Amino acid sequence: MRVFRHFVSGVVATALLLPVALSAQELRVGLALEPTSIDPHYHNLTPNNALAREIFDRLVMPDENQQLKPGLAVSWRPVKKTIWEFKLRKGVKFHDGTPFTADDVIFTFERAPNVAQSPSSFGTYLKGKKIEKVDDYTVRIITEKPYPLMPNDMSTFSIISKKHGQGATTADYNSGKAAIGTGAYKFVEWVPGDRLILERNDNYWGKKPQWSKVVIKPIKSGPARVAALLAGDVEFIDNVPTTDITQLEMNPKLNLSQGVSNRVIYLHMDQFRDDSPYVKAKDGGPVKNALKDVRVRRAISKAINREAIVERVMEGVAIPAGQLLPAGFFGVSANLKPEKHDPQSAKQLLADAGLPDGFQLTIHGPNDRYINDAKIAEAIAQMLTRIGIKTAVETMPKSVYFKRASRGGPNKSPEFSFILVGWGAGSGEASSPLKSLLHTYDKSRGFGASNRGRYSNPEVDQLVEQALATVDDAKRQKLLAKATEVAVNDLGIIPLHYQVNTWASRKGLKYLARTDEQTLYTGIVSE
Amino acid sequence: MTTSVQQISVPAGAPTEAAAVKVQTPFRRFLSDFFESGTAIAAFTVLLVIIFIAVVAPLISPTNPYDLAIVTVLDNRLPPGTRNLDGMTFWLGTDGAGRDLLSAIFYGLRTSLWVGVMSGLIALCIGGTIGLIAAYFGGRTDTLIMRIVDLQLSFPAILIALVLLAVLGKGVDKIIIALVAVQWAYYARTVRASALVERNKEYIEAAICLALGHRRIVFRHLLPNCLAPLIVVGTLQTAHAISLEATLSFLGVGLPITEPSLGLLIANGFEYMLSGRYWISFFPGVALLVTIVSINLVGDQLRDVLNPRLQR
Numbered sequence: 136m137r138v139f140r141h142f143v144s145g146v147v148a149t150a151l152l153l154p155v156a157l158s159a160q161e162l163r164v165g166l167a168l169e170p171t172s173i174d175p176h177y178h179n180l181t182p183n184n185a186l187a188r189e190i191f192d193r194l195v196m197p198d199e200n201q202q203l204k205p206g207l208a209v210s211w212r213p214v215k216k217t218i219w220e221f222k223l224r225k226g227v228k229f230h231d232g233t234p235f236t237a238d239d240v241i242f243t244f245e246r247a248p249n250v251a252q253s254p255s256s257f258g259t260y261l262k263g264k265k266i267e268k269v270d271d272y273t274v275r276i277i278t279e280k281p282y283p284l285m286p287n288d289m290s291t292f293s294i295i296s297k298k299h300g301q302g303a304t305t306a307d308y309n310s311g312k313a314a315i316g317t318g319a320y321k322f323v324e325w326v327p328g329d330r331l332i333l334e335r336n337d338n339y340w341g342k343k344p345q346w347s348k349v350v351i352k353p354i355k356s357g358p359a360r361v362a363a364l365l366a367g368d369v370e371f372i373d374n375v376p377t378t379d380i381t382q383l384e385m386n387p388k389l390n391l392s393q394g395v396s397n398r399v400i401y402l403h404m405d406q407f408r409d410d411s412p413y414v415k416a417k418d419g420g421p422v423k424n425a426l427k428d429v430r431v432r433r434a435i436s437k438a439i440n441r442e443a444i445v446e447r448v449m450e451g452v453a454i455p456a457g458q459l460l461p462a463g464f465f466g467v468s469a470n471l472k473p474e475k476h477d478p479q480s481a482k483q484l485l486a487d488a489g490l491p492d493g494f495q496l497t498i499h500g501p502n503d504r505y506i507n508d509a510k511i512a513e514a515i516a517q518m519l520t521r522i523g524i525k526t527a528v529e530t531m532p533k534s535v536y537f538k539r540a541s542r543g544g545p546n547k548s549p550e551f552s553f554i555l556v557g558w559g560a561g562s563g564e565a566s567s568p569l570k571s572l573l574h575t576y577d578k579s580r581g582f583g584a585s586n587r588g589r590y591s592n593p594e595v596d597q598l599v600e601q602a603l604a605t606v607d608d609a610k611r612q613k614l615l616a617k618a619t620e621v622a623v624n625d626l627g628i629i630p631l632h633y634q635v636n637t638w639a640s641r642k643g644l645k646y647l648a649r650t651d652e653q654t655l656y657t658g659i660v661s662e
Numbered sequence: 036m037t038t039s040v041q042q043i044s045v046p047a048g049a050p051t052e053a054a055a056v057k058v059q060t061p062f063r064r065f066l067s068d069f070f071e072s073g074t075a076i077a078a079f080t081v082l083l084v085i086i087f088i089a090v091v092a093p094l095i096s097p098t099n100p101y102d103l104a105i106v107t108v109l110d111n112r113l114p115p116g117t118r119n120l121d122g123m124t125f126w127l128g129t130d131g132a133g134r135d136l137l138s139a140i141f142y143g144l145r146t147s148l149w150v151g152v153m154s155g156l157i158a159l160c161i162g163g164t165i166g167l168i169a170a171y172f173g174g175r176t177d178t179l180i181m182r183i184v185d186l187q188l189s190f191p192a193i194l195i196a197l198v199l200l201a202v203l204g205k206g207v208d209k210i211i212i213a214l215v216a217v218q219w220a221y222y223a224r225t226v227r228a229s230a231l232v233e234r235n236k237e238y239i240e241a242a243i244c245l246a247l248g249h250r251r252i253v254f255r256h257l258l259p260n261c262l263a264p265l266i267v268v269g270t271l272q273t274a275h276a277i278s279l280e281a282t283l284s285f286l287g288v289g290l291p292i293t294e295p296s297l298g299l300l301i302a303n304g305f306e307y308m309l310s311g312r313y314w315i316s317f318f319p320g321v322a323l324l325v326t327i328v329s330i331n332l333v334g335d336q337l338r339d340v341l342n343p344r345l346q347r
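Residue numbers (the numbering used here), protein chains in the order written: chain A, 136 to 662; chain B, 36 to 347.
Please keep in mind that the hints were generated in silico from the structure rather than gathered at the bench. Here the structure is a predicted model, which is why all the values come from computation and not from measurement. From the three backbone atoms N, C-alpha and C, an ideal C-beta is built for every residue, glycine too. Please note: incorrect hints may appear among the correct ones.
Said to hold, decoys possible - Derived BS3-like pairs (lysine-lysine); straight-line CA-CA distance at most 25 Å:
1) A/K298 <-> A/K264
2) A/K472 <-> A/K617
3) A/K417 <-> B/K205
4) A/K525 <-> A/K415
5) B/K205 <-> A/K533
6) A/K280 <-> A/K215
7) B/K236 <-> A/K547
8) A/K312 <-> A/K222
9) A/K204 <-> A/K228
10) A/K525 <-> B/K209
11) A/K427 <-> A/K417
12) A/K525 <-> B/K205
13) B/K236 <-> A/K533
14) A/K415 <-> B/K209
15) A/K538 <-> A/K355
16) A/K538 <-> B/K209
17) A/K355 <-> B/K205
18) B/K205 <-> A/K538
19) B/K236 <-> A/K415
20) A/K268 <-> A/K298
21) A/K216 <-> A/K265
To be verified - Label-pair distances were calculated between CB atoms; the ranges are:
22) B/G73 <-> A/R641: 49 to 57 Å
23) A/P478 <-> B/V90: 29 to 37 Å
24) A/K427 <-> B/R250: 58 to 66 Å
Chain A on its own, in the form it takes in the complex (with noise of 0.2 Å):
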């Protein structure tokens, strides 16, 4: 106990000690989750993503609602079936005073795919797409099939540098020495864990944004990034805890800004191992894996009260979903409803399934990613117990979930057998989930990467398949939509419920919720 009194005084020792320069241009922000690195091509993370929007800038740049908008690149049209012409953005410069050039575009398409050490690569993106530059402002992007999702796919990673970029590793654009784009705001220092300081470009091609300097501090609990706010520390938050949402609400020198995101939360389920390390019988001896069997999922899927954990869990902050994306999404279909929750039927499944008497499981979750996710894993473990699944619950930080849950397992396969997991649909439509989650696992073509069931459906995947290859947007929002029915139907995931965003910031601030719950700097402005 004594030295964890030490500890917390060093800490307030620390906090007292530091420099609190305050100016009107100067914005100082509280982020739940710190990126990964300052390297825009090494993790394809939310955090990541939204820090290298500010610095870098991309070809194409969705808006809050994730609608495309001109960014690198003024216009954008397809000149054959199979080849889209970019017209880049002239006059933009480097933070160091560089012209941007097709050079950059290119030498971005090399680097970006092929990052050392990257725990989630940009490659899903830029796998099979060939760059011709044409002149020093126009380039073509050359498919083997014809490609209708070409500009969703470039709104997704940031252009670097040629000049700074060339051999630079990812340690390089931690220190800053290569972090050089053409964005916003211009790197200045990052220690990880405890400053990232950026600083305002004022040679920005776009908007100006209003701050001089951004101070961003990664505050990791819930309720000390609250006690930030209240306390004048930040100005900003993200990620405001459901649990205090209505408690801010109320309170007049704050501002709240919401929205429903694009990431689904849901379960996957082992379907490619016939015996699977965490499905156990009831008395813990083996068992045939019960999750190939989709009488059990569908059993799984009823006994899960979702008015209940968006209710009870969530507090209200979340909508409880029937499939991939929420309606309004480009790609959904009409006809698919949120699971009844339907105890008895769910007894009666697992019943004609062959196990009356249920059976064992663990659900692994990670307890530091979704809002709220340990207590979801948690409620979810009451209602399968419930109906005879005696559900035990193993939650663990995001930075060791992810790998054992990605390839924990022999031969880097998946490790875990019932996994509560998010996708948000970094594309803003619907392949983007089908083609990770649903379409069955093919690494070298780039489909099913998140896959983690390893769920697989001919039908699923040549709907699939077929919707990526057609130009026609109404054609291609049908098939998108006759996928994700097949592929909810055959229950190839469990979709729980669609997160809703909350950011809050000091009274005269505002900022306009996104649904790629990204947390823009130049997002936020004065009433």
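Add chain B to chain A, keeping to what the hints say.
Frame of chain A, contents of chain B only:
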């Protein structure tokens, strides 16, 4: 007074005929000294009640908070005294997962005390033996052991425990292992200090002259005369172990979330502090506080009574 002091200092291992007759007297003396203080009586009573609750928790708890088929999120975050639809009253309210806090505290006390006592006992056995060996053999053995102890004590306990648990994983047994690893050094140091004094006394020399085995001398002659400080350190370290376990659980390592100890209950409730749902961490916090304070008070009184220099 003077006679009793002499009797206490009669080495238990010494072959005195009188010792057999008078051995009860120091113990009675000890009891009356111990219960001289009102605080000690109160603390001791509270501690007995807590131990009783912990032992019979499954019998007196309104529900089993670890049974996921009973606990439901539909009952979560209810304030103290609420009745749910099944007619069950939650006297101390429920936590974020819908557990009855009263039951959860009873079960949590059980876990906390079990972890504290078991890690205390195991660390006492290991640390005590090592300390006795260091004092008895002296020389290089002593130097080597004591430098290891110094090294161990120079690291913050919480840091070692965190690292160990990160490697070992979750579970009560693993927490006990981690706590033993952190605490044995305290026992070793304490026992060595008093054993060094005893080592040079005549009865040990006599035992050596009789060519008794090392093991017999260490455990039958040396150990009984070093027990007093060991008991005191043991009591205080048990309280320390309980608070360390709570800290570890608070930091999210240690126990699975479906079987919370007091520390984990407090950690879970911490999220709700700003929203006014004080009871989720307040009541487990009070339970933890009362437990640790009462053990510490008992330990303090033991130290006063068993320390010959403080004899009044």
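To test your reading of the hints: which numbers does this structure violate?
7, 8, 13, 19
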